[in-house]
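Kindly produce the complete structure, drawing on both the sequences and the hints.
First residue of the sequence shown: 1, per my numbering; consecutive thereafter.
If you're looking for bench data, these hints aren't it; they were derived computationally from the structure.
You can take every hint at face value.
List time: in silico EDC-like cross-link candidates among lysine to aspartate or glutamate, alpha-carbon distance up to 16 Å:
id : residue 1 : residue 2
1  : K10       : D48
2  : K10       : E46
3  : K62       : E46
4  : K198      : E230
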Amino acid sequence: MAWQARVITKHFPFFLAAVEEQSFHKAAERLHIAQSALSRRISDLEHDLGVSLFERQARGVKPTAAGRALAQDVRRILADVDQTARRVRRVAEGGVGLLRISFTEGMVRRPLLPAAIRRFRGRYPDVDLRFAPMVSEQQREKLRQGELEVGFIFEEGGDREEFELREVAMQNFVLVLPLDHPLVHAPLIRLSDLARDKFIWPARQSSPRLFNRMLAICQEQSFTPDIAVEVASVDVACSLVSAGMGVAVVINPPPGREVTDVVFRSIENFSVPMPLSMIWRRGDPSAILANFISVVEDVEAVSI
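Below, the structure is given as structure tokens:
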């Protein structure tokens with residue numbers, strides 16, 4: 001049946017031209033073929049369908065009732081085929097489909113991602129965007145499992161061996177002090193100055209590699225932080241500092257996003273540079289993903 005359908009449908013453009021021109025001669029001229037070739041196509045179609053499609057007249061042809069009914073269906077079929085072809089091209093070009101995006105808390109605080117999303121939606125309104133905020137380690141696992149197309153993570157050693165990455169920002173850790181802390185106005189602060197303080201620290205469970213890396217830097221300075229609370233959110237850490245629960249070490253907030261009821265200071269001998277990077281699976285063939293990466297690059301270029 002599929003073979004027969006292909007045989008029949010190949011005659012449709014010739015049939016429709018004859019219906020619209022009411023003349024085999026004019027239809028042949030329109031299609032730039034010999035009239036005998038068009039007549040043969042029509043005869044083959046009538047033979048395949050087992051019906052007469054035209055009344056042959058002295059001054060041309062007139063579709064029969066069956067011919068008129070077929071012409072209606074042919075127009076609909078050809079329109080559906082054209083629409084399908086356009087949709088397939090749009091899918092291949094990344095204009096239709098699904099893109100799952102994840103991001104860390106640090107990325108939400110930066111203007112790049114919202115700007116990129118607005119621009120992407122403007123260019124590709126038929127792409128369904130799904131968002132899932134989560135910590136970096138969860139994003140890596142979701143990417144490995146194919147449950148995520150692109151993420152924004154704090155890059156760690158080994159990531160570039162497994163994934164494709166594009167750095168979008170560089171951040172470091174800063175100290176968060178309550179307003180009444182004696183070190184608020186100190187000319188500089190070293191880890192040893194914080195020996196008596198309780199620390200609010202990035203949670204080991206959500207970022208084990210970062211947790212170990214930060215402790216290792218402290219140990220290099222012969223310092224052991226007294227960790228009272230582990231948290232996964234900068235906002236929570238700042239709130240606890242404001243409430244007098246201790247001091248915190250958090251990713252530095254972007255300019256203009258600082259919390260007002262605490263003080264941010266750098267620690268002279270504690271530096272943990274953290275690349276904030278866009279990440280995706282190596283070799284992912286998704287055209288939608290490629291379009292999103294291109295949009296992020298465009299937004300970065302404008303903001304430079």
